[in-house]
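Participant: Sequence:
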Amino acid sequence: MTILPLTFLYLLTFSRAISSTKIGVNFGRVGNNLPSPSRSIELLQTLKAGRVKLYDADPEILRLLSGTKLEVMIMVTNDEISAIARNQELANQWVFEHVINHYPETMIRFILVGNEVLSFSSTDQDRQIMDDLVPAMQRIRDALTTEGISSIQISTPLAMDIMENTFPPSSGQFRGEIVHEIVPLLEFLRESNSVFFVDVYPYFSWADNPTSINLDYALLGGHQIYMDPMSGLTYTNLLDQMLDSVVFAMAKLGYNDVKIGVAETGWPHEGGIGANRENAAMYNRNIVRKMTMVPPKGTPAKTGIVIPTYIFSLYDENEKFGPESERHWGLLHPDGSPVYEVDLSGKAYKS
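Those letters in the sequence shown? Residues -17 to -1, 1 to 334, by mature numbering (1 follows the signal peptide of the UniProt record, and there is no 0).
It should be emphasised that the hints constitute simulated quantities derived from the structure, not laboratory data.
One or more of the hints may lead you astray.
To be verified - Using 25 Å as the maximum straight-line C-alpha spacing, the simulated SDA-like pairs for lysine to any residue come out as follows: (1) 5 / 20; (2) 280 / 159; (3) 235 / 333; (4) 235 / 322; (5) 330 / 287; (6) 235 / 316; (7) 280 / 154; (8) 5 / 322; (9) 31 / 262; (10) 333 / 133; (11) 330 / 316; (12) 235 / 205; (13) 31 / 21; (14) 31 / 54.
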C-alpha cells in the first residue's frame, strides 16, 4: 500500500457539522432491580446528560422525557424491521405511535433502525433482517416526510465486528461479505445527511491484548503516541484509532463525507481484567472531555467535527448475558447511587 495522497486526507476531514457536543447515555433496562422510569429520568438529569439512547420506543419513557432538555434517540427493534420494510402502513403506524404522539415535546433527534443488525447472520431470519435494514430505514423516513418532519435523522448502530481490518487505521476495511449491505446503508446516510453509528469499545481491544496495547492509550490518557505509517496521521488514544479505521473504510468505498458517531462506548468497573472503578472513571471522564471540546476536536482523519457520543450505560444490568463484566458498565448502581463521580456536561474537565 502506498501513502495516501494529501487530497484524499483533505476529503476525509470534510463533514457537514452537527452542532451539539452534548454527551449521551445508553438507558438499558436488562435488570430486575432498576429504578422506575421516572426516577431514571431524574437521575439522567442529575448526571447532566445531554442525550439519552433507548433500546426501544417505550411510550411511558417518551412521555416522561417530555418537557426535559434531553435529546432522545429511539429504536425500531430488530424483530420489527422486516415487517416495516415490506409495509409502508406499518411504518406510518410506528411513526405515529412512537413519534407523532410525543414529538416535539419529547426532543426526538434520532431513530435507530435495529441494533447491531450486521453482526447476526447465522440464521435465515438474521440474513433477511440484514437485507431488510435499509428498506425499513427508508420506510421510516418516508413516514416522517409524510408528517412534515425533517429534523429527525434515521440511522442504525453497528458493532466493530463489521471491520475486516482496523490496524493501522489507514488499512481499515469492512468485511467483504457485508459490503453489499454496507454500501446501500452508506448511500442512505449520505443522501439523508445522517450519521454512521458504531459501538466502539477500546476496553475489549485492550483486554484481548493487554501486553501489546498500553493501558493509558486505551483509557484516552494521551501520554502515548502512535503514527500510522501509511497515512502519517498521529494518534494519542485507541478510540481515535478505531474510529478512523471506520473512516478510512468508508472512504475506500467513496463515502468520505458521511458523518460518524459513537452509539456505545464505556469501560466496566468490575468483572474482568482492568475492570475497576478507577479505570472506568478515567475512561468516561476522558470521553466526556474529548467529545465536549469547543471547538470540537474530531479524530486525526476527521478533524474539527462533532462526534455524537453515548456512554454505556446508565445502570449495572444484572440480567445481561455473557461474562461477568457485562453486568458492570453502569454509571449508577441499581439504587441510583453513583459508581464513581462523572460530570457529563464536561464543565468539570475544562482546563
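Participant: Between residue 330 and residue 287, does the CA-CA distance stay at or below 25 Å?
Facilitator: Distance of about 19 Å is within 25 Å: holds.
Participant: Between residue 330 and residue 316, does the CA-CA distance stay at or below 25 Å?
Facilitator: Answer holds: residue 330 to residue 316 is near 23 Å, not above 25 Å.
Participant: CA of residue 235 to CA of residue 316, is that 25 Å or under?
Facilitator: violated, 43 Å
Participant: Could you grab the alpha-carbon distance between residue 333 and residue 133 and see if it respects the 25 Å cut-off?
Facilitator: The given pair, whose Cα atoms are some 34 Å apart, is violated under the 25 Å limit.
Participant: Hint check: residue 235 vs residue 322, CA-CA at most 25 Å. Holds or violated?
Facilitator: violated, 41 Å
Participant: For residue 280 and residue 154, compute the direct alpha-carbon distance and say whether it is at most 25 Å.
Facilitator: Satisfied, since the Cα-Cα distance of roughly 22 Å is no more than 25 Å.
Participant: Within 25 Å, alpha carbon to alpha carbon, are residue 280 and residue 159?
Facilitator: violated, 31 Å
Participant: Within a Cα-Cα threshold of 25 Å, do residue 235 and residue 333 meet the stated pairing?
Facilitator: Cα-Cα ~36 Å, so violated.
Participant: Would the pair residue 31 and residue 54 pass a check requiring their Cα atoms to be no farther apart than 25 Å?
Facilitator: holds, 12 Å
Participant: For a C-alpha distance cap of 25 Å, please report whether residue 31 and residue 21 respect it.
Facilitator: holds, 16 Å
Participant: Next pair to validate is residue 235 with residue 205; report whether the Cα-Cα distance is within 25 Å.
Facilitator: Violated. Residue 235 to residue 205 sits at ~28 Å, over the 25 Å cutoff.
Participant: Under the criterion that the straight-line Cα-Cα distance not exceed 25 Å, is the pair residue 31, residue 262 satisfied?
Facilitator: holds, 21 Å
Hints 2, 3, 4, 6, 10 and 12 from the list above are not met by this structure, while the remaining hints are.
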